[in-house]
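Protein chains: 4
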Amino acid sequence: MRALVLERQRELSLRDIDLTQDVGPDDVKIKVHTVGICGSDVHYYTHGRIGPFIVDEPMVLGHEASGTVVEVGANVTGLKVGDRVCMEPGIPDMNSRATKLGLYNVDPSVTFWATPPIHGCLTPYVVHPAAFTFKLPDNVSFAEAAMVEPFAVGLQAASKARIAPGDLAVVIGAGPIGIMVTLAALAGGCSRVIIADLQPAKLAIAAQYPGIISVDIAKQKLADVVAAESDGWGADVVFEASGSPKAFDGIFALPRPGGCLVLVGMPVEPVAFDVVSAAAKEIRIETVFRYANVYDRAIAMIASGKVNLKPLVSETFPFEESIAAFERAAEGLPNDVKLQIRVDDEVA
Amino acid sequence: MRALVLERQRELSLRDIDLTQDVGPDDVKIKVHTVGICGSDVHYYTHGRIGPFIVDEPMVLGHEASGTVVEVGANVTGLKVGDRVCMEPGIPDMNSRATKLGLYNVDPSVTFWATPPIHGCLTPYVVHPAAFTFKLPDNVSFAEAAMVEPFAVGLQAASKARIAPGDLAVVIGAGPIGIMVTLAALAGGCSRVIIADLQPAKLAIAAQYPGIISVDIAKQKLADVVAAESDGWGADVVFEASGSPKAFDGIFALPRPGGCLVLVGMPVEPVAFDVVSAAAKEIRIETVFRYANVYDRAIAMIASGKVNLKPLVSETFPFEESIAAFERAAEGLPNDVKLQIRVDDEVA
Amino acid sequence: MRALVLERQRELSLRDIDLTQDVGPDDVKIKVHTVGICGSDVHYYTHGRIGPFIVDEPMVLGHEASGTVVEVGANVTGLKVGDRVCMEPGIPDMNSRATKLGLYNVDPSVTFWATPPIHGCLTPYVVHPAAFTFKLPDNVSFAEAAMVEPFAVGLQAASKARIAPGDLAVVIGAGPIGIMVTLAALAGGCSRVIIADLQPAKLAIAAQYPGIISVDIAKQKLADVVAAESDGWGADVVFEASGSPKAFDGIFALPRPGGCLVLVGMPVEPVAFDVVSAAAKEIRIETVFRYANVYDRAIAMIASGKVNLKPLVSETFPFEESIAAFERAAEGLPNDVKLQIRVDDEVA
Amino acid sequence: MRALVLERQRELSLRDIDLTQDVGPDDVKIKVHTVGICGSDVHYYTHGRIGPFIVDEPMVLGHEASGTVVEVGANVTGLKVGDRVCMEPGIPDMNSRATKLGLYNVDPSVTFWATPPIHGCLTPYVVHPAAFTFKLPDNVSFAEAAMVEPFAVGLQAASKARIAPGDLAVVIGAGPIGIMVTLAALAGGCSRVIIADLQPAKLAIAAQYPGIISVDIAKQKLADVVAAESDGWGADVVFEASGSPKAFDGIFALPRPGGCLVLVGMPVEPVAFDVVSAAAKEIRIETVFRYANVYDRAIAMIASGKVNLKPLVSETFPFEESIAAFERAAEGLPNDVKLQIRVDDEVA
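Chains as they are written, first to last, in the numbering used here: chain A, 6 to 353; chain B, 6 to 353; chain C, 6 to 353; chain D, 6 to 353.
These are calculated hints, taken from the structure and not from any lab test.
Derived lysine-lysine pairs resembling DSS-like cross-links, with alpha carbons at most 30 angstroms apart:
| # | chain 1 | residue 1 | chain 2 | residue 2 |
| --- | --- | --- | --- | --- |
| 1 | C | 315 | C | 36 |
| 2 | C | 34 | C | 140 |
| 3 | B | 226 | A | 85 |
| 4 | C | 226 | D | 85 |
| 5 | B | 315 | B | 36 |
| 6 | D | 140 | C | 226 |
| 7 | D | 315 | D | 140 |
| 8 | C | 251 | C | 224 |
| 9 | C | 85 | C | 315 |
| 10 | A | 315 | A | 36 |
| 11 | A | 140 | B | 226 |
| 12 | B | 315 | B | 34 |
| 13 | D | 226 | C | 85 |
| 14 | B | 85 | B | 315 |
| 15 | C | 85 | C | 36 |
| 16 | A | 315 | A | 34 |
| 17 | B | 36 | B | 85 |
| 18 | C | 140 | C | 85 |
| 19 | A | 251 | D | 251 |
| 20 | C | 315 | C | 34 |
| 21 | C | 251 | B | 251 |
| 22 | D | 315 | D | 36 |
| 23 | A | 140 | A | 36 |
| 24 | D | 251 | D | 224 |
| 25 | A | 226 | B | 140 |
| 26 | A | 140 | A | 85 |
| 27 | A | 140 | A | 315 |
| 28 | A | 226 | B | 85 |
| 29 | B | 315 | B | 140 |
| 30 | C | 140 | D | 226 |
Here chain A stands alone, though its shape is the one from the complex:
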């Protein structure tokens, strides 16, 4: 099977590789249409590892995928050949303690596409459990469907926040995940979302949506904007989506008494955390690891028009130009939100 293979740090090949394609009784086989490039894919390419996960063997990249069902296992009832679908890339042990609790994303035994040593989906066909494969409504395109994965992170963050209708939220960081969190928070019940970043180009992309207040923190103090927007009370929810340790400096000036801080960004090193400032407002802090039970919700929000992800696809590359796509992604251009690869062109 042809695939985009990360041979080792900084070396990509588009080549044949042996991938299991056995369709078990609870599985479906999918002809892949579109795959988005995630920051983690790029990080494995540029660094060869993310924390404890090290690329020791050649690994197929990609985990944000949509496609069409071409084969179904014997037990599968909810999907049929020809269904347009997107796929949730993490597979837990269905019998584990975490999974029985509904927390399958934090099951210690979960496997995830393109997280070593598991191959990803930048290849024409993949086999996947039907339970983690979601049928698309007709009005959701393959490109949008391949955006469900990153949007699901935003939706998980919004769910963890337990937004009350009308909340004022702040999102720190206007990268792809910051924008996803912003859109999820707005669609998820906030009246307004303040998004903060240092890069005007990123803020401009976010600011095209109504209900979003962008703050260039090179020019304005975020705490001042929050105070002005909340009559001095503070934000109901603050999402940290930059992963920058600097974001934690004075962060508890932003939420209101009794408010919430959701940590979405992943700082490489431990950050300096001011317990006294958090406690003085009795802030609740939530953390986010991927997502669980939100794919159906993400698809429903896209289909109903509550969330419009189309403006966030910055460019689409044919499968044969996958390596060029990754090189572009590795540049990290401020105007690029999401780059996608159309795998289907190659096999059509």
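Add chains B, C and D to chain A, keeping to what the hints say.
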């Protein structure tokens, strides 16, 4: 002070009446601009009572009000003369056990405008605690501000539901409160809301908003629509906003396993409640009594454009035609969502 | 395999019956030691059905079981031969939407021991998924372990209530489930539990535990006791565990404003439900269907001594006297809380 | 009025001082019986400040008090002269946004006994709002009642944790607050609590209660004990009650996936916080600032016998020996949990 007085069942006067106007240290005095007519006002007019609350003495009607601050008490810091405001009509004992818990709406000692024996606000000036008087942003009109009260009921219902972003909701009943609940549920995070009624005219008003699916239950079975929209799974939240005992017949076919039923409507008599059907899905049932801590959220949602209440003001009457306004309201025309009275015209 | 078989309504046999004993890769085989008799077992015996579940074919009874692992499937890692265990009798589809949400008890495809047409466990050996088989600490006896199932219902009810530490609870009904709910509520954080019934013998069993206030409602008005114990405020949580429609008459006088009603009992017919009274206090109503994710918690509470279920085993019968045990259970003696059958005696 | 006055850092006087004793309409006047010495009282004595709170003027110490009502204000209905009571020392603005939300402890305008510049209660008579004065059952002694304040911190922590019945908890730190948290967690629904400290004397005090597992972290690795007690799964709740920055090193090894960390201790400096480790388990982190709405619950738990605080009163000093009591407290003897002062002896 001139006021719209309900003398007794079916007898209204627009006349002078003696009303306390002492401005205490924590109070503000407000020049009333607009007052909406609520179903409860009409019910006191037509029936002279609601349950245990009986109109024994002449009572000023009205509790959905906006206006302008004309005087502030000695301790008041958050409001000043000239501020445009709307007023939350229920006043609890601030020292009560319920209030300390944040549940001031269910404080047994709460008093509420136009609930016997408390006078309402259909009069040119009212005195009100500053803590229950909310400043309006410039882009929220007096007419919209007088809609905050009924919208707050919808928002309370949406808050009680604990909507997860992307939920599918059902609202039974497309009267004014049903529409308010629908808008609050949509803005509060639902991907879609199915609204059901027997009257096509009411459904047409609701259906003008995107994201709302209207169901004429004279023509379609609601459970079938819910099943079709949810792939057989059921709705995450069902709001009962009709107050009809018939709505409870088979109602537990609508929510999904683990879903929620929010009771907003108030059936006069006890309803037949099928515990076994509720338990088989482990349904959580929430009840709603007015609202607490949602006025600021309601105003924020209107100001940010997430909720547009303007199309719901069916007609506005001058204060001098208040009695005609009530007669029209008592007719219950299916196209009338909200009738309002501009009190300000009279005193300007 | 020898088993206690319900041939049809009112006819029991202790006889050989063909039962599948294939140990799948995720299963364990268990030598059954003790099985408790549940009210539902008795109801199938005396009525031949419970609601839509009808005994059309001979069915083995029993679902409250403990025993010893005698064989483990190829994938099983958490259990080994010789482990003392108890078994959770409901098995969901592990790939279903409900199960992924952590709500496997309300998965529409769940199967449950001794619920037609699924055979129960009153037989010397059973095969069960390892994921629903729980290892016992040394200090938990087989008799206690066979009580985990009914206690789990109490624990599910206590969990649904979301008890805050120090809550005052009321339990209506002092049958076996009422007592289980009472013990779970006390151990689960309540400061005190008021238990109400008409039968002094049942109340006496409950009253032997400290922290329990028993109310004979033939002699005292329950609402008066609650008011006296709560300074007129009401109970934080009310558990309805009688299943009697009469319990719903005036039930909303019992909880405090903002309190909770948990419905554990299952009235055969719809009950009269006073929405206005519930709403006036904004009562939250929770329903309970068996349990999910509480077996480990139940075992931990028994092992740590927080809950003592030993006094509730009224009598233990040898397997050969299983029919006599059911006849005794069908009498419904007020002093009988739990009757158990020692299956192990027969096979030892 | 005679009082224990902190003149400045390290200088205490037992002397007359002018204290307001006006009884407002919502107030009661209380003859003080017993006052406990809190770590914060001692810290003001030894350091003259706690963070931003600086002792610039002579200040009466003490905030853990019980006594007897001797006068009631005109509006007070729930208390009468002669009632035995304990007092919640923090008084918010009853009209504030935080208070209306039920979060009065984090109202920015709250005042608190013995937090500069507010005088405390180590004086024979105090005037206090009736809303924050709680009647004692006959079986709760003045000594126990003066322990309600520190126990309330434990109860707030246990409430924030949202303990599910049967949870396994860990408490880091066996000082007075750590022990209070431990008792609150156990009574609040945990099946077992593991308490960890470096000082065997403190652990011995905790270990006298059933259900508590003590871990001397000089001898055992806490993570190993948690793993052993939880079959490798982790604790449901971890309470950090030491305030030591070292406690945060590897802390996320302790909770289970989806578990909770409650921060009770207050490290002086920001701590090193490993976001990635927290996120990998999607840990929820709660913070605690004093307490709100738990005094009645604390009293109920003491009265019902669920919590026994008597063994924690290490020694009681007469009022005239208050300075000696503070000197003893400043020594921080490992066997001293709570030192109390009987103010009443002096005025009797």
